[in-house]
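The chain contents come next:
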Amino acid sequence: MSDVPMPRAGLAAAPKAWRGPPPLVLFALTWVGLMLAVALLADLVSPYAYTALHLRNRLSPPAFAGGSWAHLLGTDELGRDVLSRLIASIRMSLLIAFGATLIGAAVGTAVGFLAAHFRGWVEQCVLALVDFSASLPFLILALAVLAFFGNSLALFVVLLGFHAWERYARIARGLAISAGTQGYAAAVRQLGATPWRIYGRHVLPNIASTLIISMTLAFPEVILLESGLSFLGLGVQPPATSLGNMVGYGREYLTGAPWILLAPASVVVLTTLSVSILGDWLRDRLDPTLR
Amino acid sequence: MLRFLAMRLLRALVTILLVVTFAFVVLRLSGDPAQIIMGADAPPEAVEAFRSAWGLDDPLWVQYLRYFQAIIEGDLGRSMRDGRDAILVVAERIPSTLALTVPALAIKLGLGIPAGIHAALHRNSLADRAVMMAAVAGFAMPSFVLGLLLVLVFAVKLGWLPSGGQDGWQHAVLPVITLGLGGAAVLARFTRSAMLEVLGQPYIRTASAKGVPWRAVVRSHALPNAAIPTVTIIGFMVGSLIAGAVVVESVFSWPGVGRLLVVAVGNRDLAVVQCILLLVAATMVAANLVVDLLYGALDPRLRMARAGGGA
Numbered sequence: 001m002s003d004v005p006m007p008r009a010g011l012a013a014a015p016k017a018w019r020g021p022p023p024l025v026l027f028a029l030t031w032v033g034l035m036l037a038v039a040l041l042a043d044l045v046s047p048y049a050y051t052a053l054h055l056r057n058r059l060s061p062p063a064f065a066g067g068s069w070a071h072l073l074g075t076d077e078l079g080r081d082v083l084s085r086l087i088a089s090i091r092m093s094l095l096i097a098f099g100a101t102l103i104g105a106a107v108g109t110a111v112g113f114l115a116a117h118f119r120g121w122v123e124q125c126v127l128a129l130v131d132f133s134a135s136l137p138f139l140i141l142a143l144a145v146l147a148f149f150g151n152s153l154a155l156f157v158v159l160l161g162f163h164a165w166e167r168y169a170r171i172a173r174g175l176a177i178s179a180g181t182q183g184y185a186a187a188v189r190q191l192g193a194t195p196w197r198i199y200g201r202h203v204l205p206n207i208a209s210t211l212i213i214s215m216t217l218a219f220p221e222v223i224l225l226e227s228g229l230s231f232l233g234l235g236v237q238p239p240a241t242s243l244g245n246m247v248g249y250g251r252e253y254l255t256g257a258p259w260i261l262l263a264p265a266s267v268v269v270l271t272t273l274s275v276s277i278l279g280d281w282l283r284d285r286l287d288p289t290l291r
Numbered sequence: 292m293l294r295f296l297a298m299r300l301l302r303a304l305v306t307i308l309l310v311v312t313f314a315f316v317v318l319r320l321s322g323d324p325a326q327i328i329m330g331a332d333a334p335p336e337a338v339e340a341f342r343s344a345w346g347l348d349d350p351l352w353v354q355y356l357r358y359f360q361a362i363i364e365g366d367l368g369r370s371m372r373d374g375r376d377a378i379l380v381v382a383e384r385i386p387s388t389l390a391l392t393v394p395a396l397a398i399k400l401g402l403g404i405p406a407g408i409h410a411a412l413h414r415n416s417l418a419d420r421a422v423m424m425a426a427v428a429g430f431a432m433p434s435f436v437l438g439l440l441l442v443l444v445f446a447v448k449l450g451w452l453p454s455g456g457q458d459g460w461q462h463a464v465l466p467v468i469t470l471g472l473g474g475a476a477v478l479a480r481f482t483r484s485a486m487l488e489v490l491g492q493p494y495i496r497t498a499s500a501k502g503v504p505w506r507a508v509v510r511s512h513a514l515p516n517a518a519i520p521t522v523t524i525i526g527f528m529v530g531s532l533i534a535g536a537v538v539v540e541s542v543f544s545w546p547g548v549g550r551l552l553v554v555a556v557g558n559r560d561l562a563v564v565q566c567i568l569l570l571v572a573a574t575m576v577a578a579n580l581v582v583d584l585l586y587g588a589l590d591p592r593l594r595m596a597r598a599g600g601g602a
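Which chain is which? The protein sequence lines are P and F, in order.
Going by the working numbering, the first residue of the first sequence is number 1, and it counts up by one from there.
Going by the working numbering, the first residue of the second sequence is number 292, and it counts up by one from there.
Here chain P stands alone, though its shape is the one from the complex (with noise of 0.2 Å):
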């Protein structure tokens, strides 16, 4: 096993001058710029309604498989048009995923204080719900609390925004026990501001940005989250449309119109791995602590 070499000279890799992002942030940073893009202007670069049937023109190919240029990636079984249907469906699962993030990171980090500020029975509550969150797939939760309390896009958006909760509330209350330890903290309290004023003015500043970094980790696990569910057909509802729900109702025509089905599938996948490689960019260059 002489094959085992040395770790070349200085583990701790000699700094190197910046030279700009690498290459993969860059083409990470370029495809959820487009993504954004897509999602704020759905309605005027798709082509057609997502909901337009075409009956004549059903499971027509896309343009470059040898299909026609009035549907550039092809028609479902109902004739409606694949590329529009992938852009209503972009503008959901990313409206989504910000409302479940920034739901997850609001009531993680509001728990967080709590727990840092009434320390105590509060705090071992906290930490109780906590342990309870990390003994559970959260997808388990997630599909019994949906199919139970049946489907309403809002109660989607605030089951999936309960997912990583617990992550911030670790982070926020580890962060403001050692900021109380610290003097701006207790000078302000001294001063007699509010624990409102504590917390919101001057110890969240402080730690925005972990948790804008945990966020951004955060964002592509309920992409993930949203688009498997709606592909078990639990999560978003026809005639709504969602990455996952596209890929689920695309799955019947597999044999013979893979199409409806890849295209989706290549948005999902290349969405959460731009997002994850920005979070880990971000991560390292900003905030090494949270590896």
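Errors might be hidden in some of the hints.
Computed list of lysine to any residue pairs in SDA-like fashion (alpha-carbon distance at most 20 Å, straight line) [claimed, not checked]:
hint : chain 1 : residue 1 : chain 2 : residue 2
1    : F       : K501      : F       : L490
2    : F       : K501      : F       : S511
3    : F       : K448      : P       : T255
4    : F       : K448      : P       : G66
5    : F       : K448      : P       : G256
6    : F       : K501      : F       : G491
7    : F       : K448      : P       : S266
8    : F       : K448      : F       : V464
9    : F       : K448      : F       : H462
10   : F       : K448      : P       : R283
11   : F       : K448      : P       : P61
12   : F       : K448      : P       : E252
13   : F       : K448      : P       : P21
14   : F       : K448      : P       : W259
15   : F       : K448      : P       : L59
16   : F       : K501      : F       : L514
17   : F       : K448      : F       : L417
18   : F       : K448      : P       : R251
19   : F       : K501      : F       : I519
20   : F       : K448      : F       : F430
Simulated coverage check for chain F against chain P, where a stretch passes if three residues somewhere in it have a Cβ under 8 Å from a Cβ of chain P [to be verified]:
hint : stretch
21   : 296 to 306
22   : 436 to 444
23   : 478 to 486
24   : 530 to 541
Rough simulated footprint, nothing fancy, chain F against chain P, three-plus residues with beta-carbon under 8 Å [stated by the list, open to error]:
hint : stretch
25   : 45 to 55
26   : 79 to 88
27   : 138 to 145
28   : 218 to 227
29   : 249 to 261
Rather than coming from a laboratory, the hints here were simulated on the basis of the structure.
The beta-carbon is built from N, C-alpha and C at its ideal position, and this holds for glycine as well.
Based on these hints, arrange chain F on the given structure of chain P.
Leaving out everything else, chain F in the frame of chain P:
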């Protein structure tokens, strides 16, 4: 040591208690199961009879206490669909699920850990980059996309393997690969960063400096220390042996616990869903408990601290 064990057990019990409560609250308060099982146009007398037969007309706290008592007695209720014991309905699916998840776990461990270690030891090499790319791609690729791609290539285009069902070992190949590859990617990434963390520690440099051969440094200093954080994630993987295949089982129409859960949730078969929730929570909690005990075995600092030797 005993105190540590007792604390861990207590936490595990509290977690189970919370899961039971959660299951009860969510599943009982969310709708009227009688109406749903019987259908919207069932005669009211029939619905009433169903309610009293299942105890659904008692106050909620009575139902809750009864539920607890039943669980302690090992009675998890009957499936509202066919009246069989829920625990039997679930139990008969477990072997199918394990037939997927156990080989998948073997792939995860056998592929992920060596890949992660190799990548860390050859940092910034081509192999390292390849492992990292594969790991990031494995994270970004949801299991249903990977599964469907495998079906598209190996079942539809090449016709080598069946696309779904359960009629022999060929049917398990694609689902096992789907589960295994995703997990291996996660594990490789995790092992790599644990290993890199350890390799940067001063004691590694000390060992090298005093002339210990590099191979021995890796074997007796780096690997045992990197194992400590890695055990946590392996514990999570072992804990999800039963529930980790919900999506993959659905992709491949595999009749396991995950498929049962999706169907039971659709039918509002309360007893079955609760049974699966409890089973999943119990396996997760048990796996976490074992991980905590393993920590004690793996990490001499914890052993010392507990023996009163200080850290």
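Hint-by-hint comparison with the structure:
1. Using a Cα cut-off of 20 Å, the hinted pair F:K501 and F:L490 holds, with the two alpha carbons roughly 16 Å apart.
2. Distance restraint check for F:K501 and F:S511: the Cα-Cα separation of roughly 14 Å lies within the 20 Å cut-off, and the hinted pair is therefore satisfied.
3. Restraint check for F:K448 and P:T255: the C-alpha separation of about 9 Å stays at or below 20 Å, so the hint holds.
4. Restraint check for F:K448 and P:G66: the C-alpha separation of about 19 Å stays at or below 20 Å, so the hint holds.
5. Distance restraint check for F:K448 and P:G256: the Cα-Cα separation of roughly 11 Å lies within the 20 Å cut-off, and the hinted pair is therefore satisfied.
6. For the hint linking F:K501 to F:G491, the alpha-carbon distance of about 16 Å falls within 20 Å, and the restraint holds.
7. With a C-alpha separation of about 19 Å, the suggested pair F:K448 and P:S266 falls inside the 20 Å cut-off, and the hint holds.
8. Among the hinted pairs, F:K448 with F:V464 is consistent with the structure: their alpha-carbon atoms are about 16 Å apart, no more than 20 Å.
9. Of the supplied pair hints, the one linking F:K448 and F:H462 holds, its CA atoms being roughly 16 Å apart against a limit of 20 Å.
10. Between F:K448 and P:R283 the alpha-carbon distance is near 41 Å, which puts this suggested pair outside the 20 Å criterion.
11. A distance of roughly 17 Å separates the Cα atoms of F:K448 and P:P61; the hinted pair therefore holds under the 20 Å criterion.
12. For the hint pairing F:K448 with P:E252, the CA-to-CA distance comes to about 16 Å; that is within 20 Å, so the pair holds.
13. At most 20 Å may separate the alpha-carbon atoms for a hinted pair to count; F:K448 and P:P21 exceed this at roughly 40 Å.
14. Between F:K448 and P:W259 the CA atoms are separated by roughly 14 Å; this keeps the pair inside 20 Å, and the hint holds.
15. For a cut-off of 20 Å, the pair hint linking F:K448 to P:L59 stands: about 19 Å separates their Cα positions.
16. Of the supplied pair hints, the one linking F:K501 and F:L514 holds, its CA atoms being roughly 19 Å apart against a limit of 20 Å.
17. Proposed proximity of F:K448 and F:L417 is contradicted: the alpha carbons are some 32 Å apart, above 20 Å.
18. This hinted pair checks out: F:K448 and P:R251 have alpha carbons roughly 15 Å apart, not beyond 20 Å.
19. A C-alpha spacing of about 25 Å is found between F:K501 and F:I519, which places the hinted pair above 20 Å, so the restraint is violated.
20. With a C-alpha separation of about 26 Å, the suggested pair F:K448 and F:F430 falls outside the 20 Å cut-off, and the hint is violated.
21. Coverage of the stretch 296 to 306 of chain F by chain P holds in this model, with 3 residues showing a Cβ closer than 8 Å to a Cβ of that chain against a need of three.
22. Here's how the stretch 436 to 444 of chain F fares: 5 of its residues keep a CB closer than 8 Å to some CB of chain P, so the rule of at least three is met and the hint holds.
23. For the stretch 478 to 486 of chain F, the stated coverage by chain P is violated: 1 residues have a C-beta nearer than 8 Å to a C-beta of that chain, whereas at least 3 were required.
24. For a cut-off of 8 Å, the count of residues in the stretch 530 to 541 of chain F with a CB near a CB of chain P stands at 6, and the three-residue condition holds.
25. Counting residues of the stretch 45 to 55 of chain P whose C-beta sits closer than 8 Å to any C-beta of chain F gives 0, which falls short of three, so the coverage hint is violated.
26. Beta-carbon proximity to chain F at under 8 Å applies to 0 residues in the stretch 79 to 88 of chain P; the threshold of 3 is not reached and the given coverage is violated.
27. With 6 residues carrying a beta carbon less than 8 Å from a beta carbon of chain F, the stretch 138 to 145 of chain P meets the three-residue requirement, and the given coverage holds.
28. Remark: the stretch 218 to 227 of chain P is confirmed as covered by chain F, as 3 of its residues place a Cβ nearer than 8 Å to a Cβ of that chain, reaching the required three.
29. Restraint check on the stretch 249 to 261 of chain P versus chain F: 5 residues with Cβ-Cβ distances below 8 Å, three needed, restraint holds.
When each numbered hint is compared with the structure, violations occur for hints 10, 13, 17, 19, 20, 23, 25 and 26.
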